[in-house]
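Enquirer: What follows is each chain in one-letter form.
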Amino acid sequence: MIQLSRVGRRYGEREALRDVSLSLPTGQTLVVFGPNGAGKTTLLRILATLLRPHTGEVRVLEKQLPAQGWAVRGRIGLLGHEPLLYRELSAAENLRFHARLHGVAESRVAEVLDAVGMKDRASEAVKTLSRGMVQRVAVARAVLHEPEVLLLDEPYANLDPAAREQVAGLIGAQSGCTRVVCSHDPGGGVAEADMVLGLREGRMALLKAASDVQEGEIAELYR
Amino acid sequence: MRRTVGALLRKEFLVELRTLESVPGMALFAVSTFVVFHFALDATSVNGKEAAGVLWVTLLFAAMLGVNRLFVADAEQGGFDAFLLAPVDRSALLIAKALALLAYLAVFELVAVPAFGLLLLEPSLGQSMPDLLGVLALADLGIAVIGTLVAALAVQTRARDLLGPLLALPLLVPIVIGAAKASAPLLAITAPGASPARWLLGLGLYDLVFGLIAYAVFDFLLED
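Line by line, the protein sequences are chains X and Y. Quick note, the first sequence lines up with residues 8 to 230 if you use my numbering. Quick note, the second sequence lines up with residues 8 to 231 if you use my numbering.
Isolated chain Y (complex conformation):
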């Protein structure tokens, strides 16, 4: 299993490095959206709940770009068939794709979160960054698992660009709610507080439940 996941991940990163189809698009989308929010809200800066909402809605829609592209090369260039012909555990594809998407999210957030801090956020990110990283990690894990599951389903249909977001967004709403609630105190201008533990716990449980569901059903998604 580890060898297979390693082989798939290596291929995934090589293809992304050569095509630059996912991460740059996600980062550009996020930065552009922050600029649009800057003018649309008619405010030079935001904080607290408003800031958390802007941040997570933007990150979610930018993540959808990566989700939609996740299996496209495999579907268009026969990678699915090649994988299905190999004597390997099919769950390896779920794990490798989820890890790849998690890595893409982490890399694009390296650009998007500081850009948010510069363009829109009133308080400095420095003090709350360690806690915010924890929220980002939990939310990204959920987006990666659900995104992989939905992308594998959508890519086998003709309307994949439409079906992916339609299926993914309802499933990702609880993550946005949890992440926004957990981040709001971190982005407050007056005395930034800690993330409420119940929202972090909720995010963790949601990740776990969908991780188990994805592991249970992924083989069937790949079957004819």
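Isolated chain X (complex conformation):
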């Protein structure tokens, strides 16, 4: 369960988020739309405990953030714009490092690398991999510790159709996780959503069940 009540966040004088309120039941998917700078990434970082909200209340997995952030870290998987991988290390070395931080058995590393189709390139330095391959390793990192909540910022960026299909089982609706997904793809985004949130200049411009979203409503956010 994710609950936001009048959440706001500023960067200096600029309000990145203002009065965002919603409730997302366990196991459901919220897809967030909005133009660049609308506050999508800020929202994800607040939910990930990486940013403090300046106003309002945030509850994730029944815990109040940021006060009880320690209790939800390790139960959240974040896949953002940055892959959070060291370029000089190989995919396997990066994942072993994350496995140790999360107290996960190292056998899980081979399992997730296999699941994203990177087992054969596991020993190559991340800096030598293509963007799509790096994104696959980042997916493996995000799900390595079997999180209950997935926070995904354009998770299919740089992935070809075959790779999208391959990672869908890990980060898609089939994962069974509660998901918050930032997307710029109206068709694909609404199709995988239970709820849709539209942000414009940090404010809620749309909040609806995905089944109630009318054609053109998402495109309107970007005008």
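Everything labelled a hint here was simulated from the structure, so no lab data went into it. Do not rely on the hints blindly, as some may be mistaken.
[What the hints assert, rightly or not] Pair by pair, the computed Cβ-Cβ distance ranges are:
| id | chain 1 | residue 1 | chain 2 | residue 2 | range |
| --- | --- | --- | --- | --- | --- |
| 1 | X | T62 | Y | R167 | 28 to 36 Å |
| 2 | X | G176 | Y | G13 | 26 to 34 Å |
| 3 | Y | E230 | X | Q10 | 46 to 54 Å |
| 4 | X | A74 | Y | P181 | 33 to 41 Å |
| 5 | X | R59 | Y | G133 | 39 to 47 Å |
| 6 | X | P42 | Y | Y222 | 42 to 50 Å |
| 7 | X | Q71 | Y | P121 | 28 to 36 Å |
[Claimed, not checked] Stretches of chain X that chain Y covers, calculated by requiring three or more beta carbons in the stretch to come under 8 Å of a beta carbon on chain Y:
| id | stretch |
| --- | --- |
| 8 | 50-63 |
| 9 | 84-97 |
| 10 | 107-113 |
Even for Gly, the Cβ is constructed at its ideal location relative to N, Cα and C.
Given chain X, put chain Y in place with the hints provided.
Expert: Here is chain Y on its own, set in the frame of chain X:
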């Protein structure tokens, strides 16, 4: 905690081994500076207080190169976020980074101190080496703790290359003074004496105080 520190240290050394961004630069800087001192002082050799001053000023500025690089890979490649997302004690990062910096200092001094002995120092280092190692250990510990604290603060700013030394140097001056005073008798040409105990004690106390301060404030440095 031990597992986390181990994981962080292992990653740290792997990245340094692959990039060679810190230790070779520190060693090269120190050796180059000794050569510059050799010509600038217009002397073939130095001893006593002068030698201690040359040694510690050079080691300090070379150490700043390592301090400035300490968190760069983490800040640029998302290592901070990855660490903050993990269910671990955040003090583990302070301990691991300070230990890594301590190891870098020790390795670069393996090159820099003998180079100083060869290029500039008049008396032989052999007899005073055990005592000098003690001074080096105490000073390095302080540099590692203060350097880690300052680097964690500076790396989150745009002017990190400027802010790091600006913050660190005033805090490291007492270490240079203590280390130079403690080393001067060891580097004297006539009857090298023992390090004065009060300077060694002072170095130890300074390390302890900053160790406690760093432990107390490090979590807040990582917070948004």
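Enquirer: Evaluate each hint against the coordinates.
Expert: Hints, verified against the model:
1. Separated by about 30 Å at the C-beta atoms, X/T62 and Y/R167 satisfy the suggested range of 28 to 36 Å.
2. Hint check: X/G176 to Y/G13, Cβ distance near 33 Å, so the stated range 26 to 34 Å holds.
3. The hinted window of 46 to 54 Å between Y/E230 and X/Q10 is violated, with their beta carbons roughly 23 Å apart.
4. Distance hint for X/A74 and Y/P181: a CB-CB separation of about 38 Å, consistent with the stated range 33 to 41 Å.
5. Take X/R59 and Y/G133: their Cβ atoms lie about 57 Å apart, and the range 39 to 47 Å is violated.
6. One distance hint, 42 to 50 Å for the beta-carbon pair X/P42 and Y/Y222, holds here, with the actual separation near 44 Å.
7. At roughly 57 Å, the beta carbons of X/Q71 and Y/P121 sit outside the given window of 28 to 36 Å.
8. Evaluation of the coverage hint for the stretch 50-63 of chain X: fulfilled, as 5 residues show C-beta separations to chain Y shorter than 8 Å, against a requirement of three.
9. Residues of the stretch 84-97 of chain X with a Cβ under 8 Å from some Cβ of chain Y number 10, which satisfies the need for three, so the listed coverage holds.
10. Under the rule that three or more residues need a Cβ within less than 8 Å of chain Y, the assignment of the stretch 107-113 of chain X holds, with 4 such residues.
Violated hints, in rising order: 3, 5 and 7; the structure is consistent with all others.
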